[in-house]
Amino acid sequence: MNIARRTFLKLTGGAGALAAAFAAGLVAGGQAWAATWNKAGFESKALADVMKSLGAASAAESKDIAITAPDIAENGAVVPVAVTSKLPNTQQISIVVEKNPFPLAATFDIAGGSEGYVSARIKMGQTSDVWAVVKADGKYYTARKEVKITVGGCG
Amino acid sequence: MAEPMKIRATLQGDVADVRILMMHPMETGQRKDAKGEIVPLHFIQSVVVTHNGKTVLDTQWSQAVSRNPFLGLRIKGAKPGDKIGVTWTDNKGDKRTDEATVAPPS
Amino acid sequence: MRKAGLMWTVFGAAALIAAGCATYPDPATTRQMAEKMVSEDFTAPAPALLKRLAQDRSQSICSKIGDAKLTQEEAAEVVKLARASIQYPASGKLVGNWKIGDDLAHDGAGDRIQGGRLEKRKENGGLCQNCHALAPDEINVGNVGPSLTGYGLKLGNSEAIVKLTYERIYNAWAYSPCANMPRLGATRHLTPEQITHMVAYLLDPASPINKR
Amino acid sequence: MPNTRGGLAAVLLAFLAAWGAVPVLAQSDDPLGVGRKMLAEDNPGELWIERGKALFHQKRGPKGVSLEQCDFGQGPGKLEGATVRLPRYFPDTNKVQDLESRLLSCMVQLQGFNRDDIVKRAISPAGSDGSDVEALALYITSRSNGMKMDVSLSHQKEYDMYKAGEYLFYRRSGQTDFACVQCHGEANRRIRLQDLIHMTDKKGVQEVVSTWPAYRGAHFTVRTMQWRLYDCFWQMRLPELKYASDTSIALITYLHYQGNGAVIGVPGFKR
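Chains P, S, E and V, in that order, are what the protein sequence lines are.
Going by the numbering used here, the first residue of the first sequence is number -8, and it counts up by one from there.
Going by the numbering used here, the first residue of the second sequence is number 308, and it counts up by one from there.
Going by the numbering used here, the first residue of the third sequence is number 5, and it counts up by one from there.
Going by the numbering used here, the first residue of the fourth sequence is number 69, and it counts up by one from there.
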């Protein structure tokens, strides 16, 4: 239980009020993202289907995309991945983990003011290729890098 | 209602290096708790980053983003004192907005 | 004369403490204080489990502080106790099944105590992977102990090597007194049968550890 | 026969020695380094500092007071540089106390909390967002960030604790025959892929004493030095170390004094 939440409960007089407040937020916030969230892509179980959902089925490999990630990750629950695209007019970057049950991990839409760079941390169930799928100037490009996962076992 | 984010924005030339930390369980809907019950799916689906009110990054996330997520990006044409806004929204409709100002180069 | 001297020491120490000149306690006092702490500061779901904290003679000898060295007499005593501890499986067969040994070598669980509960399993894991390199392609292995990759390739599997390997796992201190290697058989962490499987894992030409 | 046995043992030892000398992962091509650096640069543990700060100033417990009157050795409520001198002797409790045992004293005496309740919750369960004590310990330690560890031994009880800690660091017991030094007595050692800090080395021990409380990646929350010790004893198959016990304080006194001069930087990031 975090403090902020506890204080809020006290202020609003109980869980009912809290739920009502959330419901109000849900309607506004929910609709905003529901329109863009790539449901088909995130629910795809195969790499090819993810690519299709992104419109990137015929993407070409590009040397202008760099993936920064460890060769071996100590903890598959927190694998740092950064993608840098030097392709002109980079509009979108997606991170895809080929062997995850749902390969598409994240999509970043880049508006004019942002560079072709994103950094995040993702979960990986096993050793796999990590793909960066980049949309630049209306076309799709990819790069990939293998990340080995060692499960910590005990401790 | 959620814990505040930690937003750092530092200038390198006219590019702001923005680093955001959020506290969120990012439940996959597959984990079992101590009692052996499935913990329901609960994850941030969207993070929107603004620069002086204008959207510069609009993300869609799945439950495969790690717990207590991190997001790093770089914003062009930034100046000291510029406002960086971040709003996340999760699949339960919970959301949180925080703001930081761009620090001058150190 | 001697008594007077002792009295002086006692009063002297008391006076020094009173004057703010506190100093390190002597080894016997340190030991007494620390052992009292150990006896009071741990909990276990069953009183018998608290006995794990008690030191046997060898552990006590092998707890040298800092750079202090074992004397020859101490080393000899540890070796003697270790030799006497070694028991062999009822079957008399020292080489078991390498596949079971492979699993054991990669199993680090068993017998830990957390939240007032003992991690109950039929048998404990062998813990090898924690400290030793094993098959050539393995990444997730420790290096506290020496690499065991190619162990059987190098040493063969003569009867003498079989016996030596069994005994070293059962009680490593029979060969290297006070080594870091746990006395896995002697402390009852593993059963003699489990150790025979680990011997097979180390020596069998078909074992992954002996793959080139 | 004894000769043969001796000869074989020598062959075996030579084999083990020769092979043991070659680290499986060479230091130069550190395949883990990239990830470790990326994770440490942006440490989610920082999110807990604000929580700890709020808890510190909030009126809490049966007595409804904040921790602002808690004296960590520099005077009531003075937190800057307080942890660089811990553990230390406190006349009011007539005990040598580390940060967490001192915090516990204040929560019981000032705020009126029940000691057993706090102790039971001090180390948070897996999967949770951490305990109050974990957040408080991080916040209080963070107020010494950038300062050098400066533990002194002057009271007799401080000398006693230091020596007891040293004794315990080398005390072997249990079915693994382990003391602390079996895993932490040499450089460049690992349990599986996890680095073991070389604690009989000045630089190594300085790394230990300056980075806790830390964000533990595998637990997604902040952990403290008391947890670190508890977890070591668990892995050693020994009974459960009591929270804030003298055994823990003795070990912490030993390590902290050895680590004097280390610059505090918390939260650390652990795998």
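Please note that the accuracy of each hint is not assured.
What the hints assert, rightly or not - Calculated pairs, BS3-like style, for lysine-lysine (alpha carbon to alpha carbon, straight line, at most 27 Å): (1) P:LYS139 - E:LYS103; (2) S:LYS342 - P:LYS130; (3) V:LYS310 - S:LYS342; (4) V:LYS188 - P:LYS139; (5) E:LYS84 - E:LYS215; (6) P:LYS136 - P:LYS43; (7) V:LYS188 - E:LYS55; (8) S:LYS342 - V:LYS105; (9) P:LYS43 - P:LYS77; (10) V:LYS146 - E:LYS68; (11) S:LYS339 - V:LYS146; (12) S:LYS399 - S:LYS342; (13) V:LYS188 - E:LYS124; (14) E:LYS40 - E:LYS103; (15) E:LYS55 - E:LYS124; (16) E:LYS55 - V:LYS310; (17) S:LYS361 - P:LYS90; (18) P:LYS130 - P:LYS36; (19) V:LYS146 - V:LYS225; (20) S:LYS342 - E:LYS126; (21) E:LYS68 - E:LYS40.
Calculated from the structure, these hints are not laboratory results.
Hint check:
1. P:LYS139 - E:LYS103: OK: P:LYS139 and E:LYS103 at ~25 Å, within 27 Å.
2. S:LYS342 - P:LYS130: violated (49 Å)
3. V:LYS310 - S:LYS342: holds (25 Å)
4. V:LYS188 - P:LYS139: The given pair, whose Cα atoms are some 38 Å apart, is violated under the 27 Å limit.
5. E:LYS84 - E:LYS215: violated (36 Å)
6. P:LYS136 - P:LYS43: Holds: P:LYS136 and P:LYS43 sit about 20 Å apart, inside 27 Å.
7. V:LYS188 - E:LYS55: Answer holds: V:LYS188 to E:LYS55 is near 24 Å, not above 27 Å.
8. S:LYS342 - V:LYS105: Given pair S:LYS342, V:LYS105 is violated - Cα atoms ~36 Å apart, limit 27 Å.
9. P:LYS43 - P:LYS77: Distance of about 24 Å is within 27 Å: holds.
10. V:LYS146 - E:LYS68: This hinted pair is violated, its Cα atoms lying about 41 Å apart.
11. S:LYS339 - V:LYS146: violated (43 Å)
12. S:LYS399 - S:LYS342: holds (23 Å)
13. V:LYS188 - E:LYS124: holds (23 Å)
14. E:LYS40 - E:LYS103: Given that 27 Å is the threshold and the Cα spacing comes to 45 Å, the pair is violated.
15. E:LYS55 - E:LYS124: Holds, at roughly 17 Å.
16. E:LYS55 - V:LYS310: holds (16 Å)
17. S:LYS361 - P:LYS90: It is violated: about 36 Å lies between the C-alpha atoms, which goes past 27 Å.
18. P:LYS130 - P:LYS36: Given that 27 Å is the threshold and the Cα spacing comes to 24 Å, the pair holds.
19. V:LYS146 - V:LYS225: holds (24 Å)
20. S:LYS342 - E:LYS126: holds (23 Å)
21. E:LYS68 - E:LYS40: Status holds; Cα separation ~19 Å.
Consistency note: the structure conflicts with the earlier hints numbered 2, 4, 5, 8, 10, 11, 14 and 17.
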